[in-house]
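Which chain is which? The protein sequence lines are A and B, in order.
Note that my numbering gives residue 49 to position 49 of the first sequence, counting from 1, and the numbers run on in steps of one.
Here my numbering runs 1000 ahead of the position in the second sequence, where the first position is 1.
Some hints could be false.
Stated by the list, open to error - Here are the computed lysine-lysine pairs in the BS3-like style, where the Cα-Cα straight-line distance is at most 30 Å:
1. B:LYS1145 with A:LYS119
2. B:LYS1037 with A:LYS102
3. A:LYS94 with B:LYS1225
4. A:LYS94 with B:LYS1207
5. A:LYS220 with B:LYS1145
6. B:LYS1037 with B:LYS1012
7. A:LYS95 with B:LYS1207
In case anyone wonders, no lab produced these hints; they're calculated from the structure.
No experiment lies behind these values; they were computed from the predicted model shown.
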Amino acid sequence: MLSSFTGIQRFPRCINRRLLASFAYTKPSLANDPATHSTPLDITDEQRAALDSALRVDQAGEVAANWIYYGQHFILGKQPVTGPLIQEMWEQEKKHLAVMDKMQLQHRVRPTILMDFAKIGGFGLGAATALMGKEAAMACTEAVETVIGEHYDDQLKEMESLPSAHPSVPLLKEVVKEFRDDELEHLDIAVVNHAQRAPGHALLSTVIGAGCKVAIELCKRF
Amino acid sequence: MALSPSRSQLLKIATSLVPTYGFTRETLSRSVLELPKDKAHSEPLSENAVSSLFGSRDYAKKTLIEAWLSEGITQMASAPSPSLGHVLHARLSYNEPVLHYLPEVSCSSYKSDSVAEMKNILQAFALLASPERALPPLDPRPALKHVSRIADEASYISGDDSAQLSWYTRRASLATIYSAAELHQFTSPGTAHAFLDSLLTGSSALKQSVDEVQLFSSYVLQSWKGILRSKGIL
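The shape of chain A in the complex, shown without the other chains (with noise of 0.2 Å):
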């Protein structure tokens, strides 16, 4: 399907928009929901500090990417193809970040102390491959969202242990399917709009994946 801008392609999302899980956060329909104003109690201190890392490194990945974009945007706004490209996908993240935000006190997580790192080091990423042009920026875009888009995949495996009985578990779930999903959608944006065509891709994505794999295993910790 081709957009009304020439030469990007996007492809449909097959999700009825009514019905995103994040909708629960964004857009409340219950006060005091116990699914997003609670937390589970009756887990055991291993599952709580595996939810704590957890949710603590989905919110730096969401605060990294919100800078990525920004980064990318600095310097390929202004571009009439690929900025409201990079625009629309930003918007999407910040969606994210505001869900994450309330996940992070809702189950009175520790946010990790490294989130300065996070965002100095996204808008330096994002601007840095933008420089290099909009293929690298696109290059970039797929090498973080093929990690993230992992790490979420590894995280809902890691959550088939949490008791479903308190209703914040199933929500959280069907939260990150949906943020995995949406990940993976940029990652085909990225492709598609030659991602693949950018300078060294191949160094370019194992140098930001593997950089992305480290920040993953410092914000578990701080």
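Fit chain B to the supplied structure of chain A, relying on the hints for placement.
Positioned in the frame of chain A, the structure of chain B alone reads:
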């Protein structure tokens, strides 16, 4: 046949006996006397039983102190209102039964029995800070953990919505305020609540000033951006 009381059940009972018997092994041994009628013992636990359940020598006392501190965290939720001030006052009030042997104490004079009882709670914190091995000579982590837990719980109960890094600054500020108020309580229990109020008022005035400076700075930055754009530099 009734189930044996659990260790956690006995610890919870022991925390309610602290105002009477202090942070001692005797408190732990007497916890079985306060069980429900069908499980209550006629005699306190023996020293060996206390050691096997709660640890030997000072380790048992540390266990009791930590249980008492955890119970203090739980009690914060029963403050008359979820406002930050009420919650912190409730936590300060939780200390009072352990200080109840103290009359109005001035800074320069102490009654001998008051000194013994005030030493009770100070020794509790000193025991927590003493390391299990020789080094370091003093372990600040239990004290930091104590005030951090209180600050986190107070923020949660009062509905604080600070996210990302302001989560840390908010809790650090509350931990500092509470620890100053608690230290004040040890030397001057009668004025502790007023001291806490003065610290909270000062802190919110400081935060307001910082927010206003940030807002003004953002206006100045915006106006400079506009000037630079109009000159064609940006």
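How the hints compare with the structure:
1. B:LYS1145 with A:LYS119: The given pair, whose Cα atoms are some 29 Å apart, holds under the 30 Å limit.
2. B:LYS1037 with A:LYS102: Violated - the C-alpha atoms of LYS102 of chain A and LYS1037 of chain B are around 47 Å apart, more than 30 Å.
3. A:LYS94 with B:LYS1225: 25 Å, holds
4. A:LYS94 with B:LYS1207: Since the Cα atoms of LYS94 of chain A and LYS1207 of chain B sit roughly 27 Å apart, the hinted pair holds (cutoff 30 Å).
5. A:LYS220 with B:LYS1145: 20 Å, holds
6. B:LYS1037 with B:LYS1012: 17 Å, holds
7. A:LYS95 with B:LYS1207: Within the cut-off at roughly 28 Å; holds.
Hint 2 from the list above is the single one not met by this structure.
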